[in-house]
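Colleague: Using the sequences and the accompanying hints, generate a full structural model.
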Amino acid sequence: MIEVKDLSFAYRTGEADAVPALRDLNLKIEPGQLVAIIGHNGSGKSTLAKLLCAVLYPTEGEIRIDGVPVREENQWEVRRRVAVVFQDPDDQLVMNRVEDDVAFGPENLGLPREEIAERVRSSLEALGLVEIGGRLIEDLSPGQKQRVAIAGALAMRPRFLVLDEPTSLLPVPVARRLISTVGDLNRREGMGVLHVTHSMSEAALFERVVVMDEGCLVLDGTPAEVFRHVERLREIGLDVPLAASLAHRLRSRGTPLEGDILDGADLRNALAAVRESTAS
Amino acid sequence: MTHDAGEPPIIELRDFRYTYLEGTPRASEAIRDVSFGIRHGERVGIVGPTQSGKSTVVDAFAHLLRLKPGQVFYKGEDVAAPGYDRSALRREIGIVFQQPDSQLIEDVVGADVAFGPTAAGLPAGETRRRVEESLNALNLSYPEYRLRYVHALSGGQRRRVAIAGVLAMHTPVLVLDEPMAGLDPRGRRELLELLIRLQSDRDLTLVVCSASLSDASLLCDRFVVLDGGRTVMDGPVREVLREADRLAELDITLPETVNVVRELQELFPDLPADILAEDELEVELLKRLGAA
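Residue numbers (my numbering), protein chains in the order written: chain A, 1 to 280; chain B, 1001 to 1292.
Rather than coming from a laboratory, the hints here were simulated on the basis of the structure. No experiment lies behind these values; they were computed from the predicted model shown. Some hints here could point you the wrong way.
[What the hints assert, rightly or not] Here are a few chain A residues that sit away from chain B, every Cβ distance over 12 angstroms (derived from the structure): (1) 130; (2) 143; (3) 259.
[To be verified] Partner residues aside, some chain B positions facing chain A, computed with beta carbon under 7 angstroms: (4) 1037; (5) 1040; (6) 1050; (7) 1154; (8) 1156; (9) 1184; (10) 1185; (11) 1186; (12) 1212; (13) 1251; (14) 1263; (15) 1264; (16) 1289.
Just so you know, even glycine gets a beta-carbon here, dropped at the ideal spot from N, CA and C.
Modeller: Pasting the structure below:
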């Protein structure tokens, strides 16, 4: 379990222009949960991601990962439990060949050779990369590189996978396939996922959505609960999926749409019900 | 904006073909056969999935490729002809690449925007005037931003600095490669409005490359669709969007409105397939609900 308690963080602490990036944040994430974190640029979501994997440390308050406090002296204990994938895979791919890069993390854990080989094999398989395991990373497409970065994180067998905007530079269909692979990993390995994104339609695919603004947590719930707050989300520079927004508009004009509406199919079903009831 | 259809294109590709690393074992054919012309003042989206050849087309405009004669023309002149002044082309076609960091050269915002005009040999006073005008045009107020460090800015701000640097060159053509990638919803909305305004204020010819039609459909009036290095569609935005099934097959991201309309057509088969704005869709739905 991830427990964030009264967490505050400021870059350049002590200096006159220190900016609080996070303020009094409280959050609990259960093992195996699929969570999307949304917020505009500068809302603090990437700072939170970096704190969860011990790249940064709390200024005030604390974070515990399965009971282990995120502090400098525990950094390896934390990183064994939480693996992170950043926006630009070129920032974290270190080796020349795909297999070598995926093996890099487990090798640094000092695991036996057979164990490393097994982890590399299963991680490549999970991301659909077996066929290109021997390829040079520089020859891969951006979507493939991002898969290699996730395979590398997975090879650490973490309890939680933190994805910091891994899809924002990918074409949407490529991003969608990546998200569905992450969903499979979550179901099969029981690994918790925290996915930071700008895409509202992507967030709608997760079981829980956490919304951040100005370093604070402002909304937290299922996608249906969160995307009901159409005006609030627009105020803080975000959006809602188009179908949710349309449902909101039609309801405010008196169309009695029932149920949670997050995508086109939900809207179609709700509209069909309205049409039937008016016809009868 | 209407332009005389008889006017010759400002940019033209004729039977354009391009192979990277030609003659080596790693040769890869990026463009097989692409022909289209772009007229002055047009807003053209060059769209296609990854590996479709979009970026190669941008590189051809940017003159980053060793082109063969007879394929790429600017104002009717062959840019690969012997004796053509290719450095002059840089003052005609401004390019904003996908990663702003790849074209930000100086550490400080003002100096970065001044880089192009200074290199082009403009006098200091004129350069200063252009830096101020370009930063202000991108909502980066000159007094507030000119001394800021480029690295301390957000991704959206860095992209706007890159655009300001290109704008300061006063090129009549502006080419943007995936301008919305990595921006949050507000950043996208702001950049979209800004580009629409700049295009009409300055009568720019705008070329936008993207794998997504969402923002491009609000920015462009025409789409050229590439797949596997070939042109597969070319026409007005709404006409191209009516071929939604074909576009989806090509792994091109459709605008959210088009996707929702496709779902709703099962219920309302007469719902127009080329709706671009949410307001428009709301009106169409209310009409049909009223009738029921």
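Colleague: For which of the previously enumerated hints does the structure constitute a violation, in increasing order of number?
Modeller: 2, 4, 5
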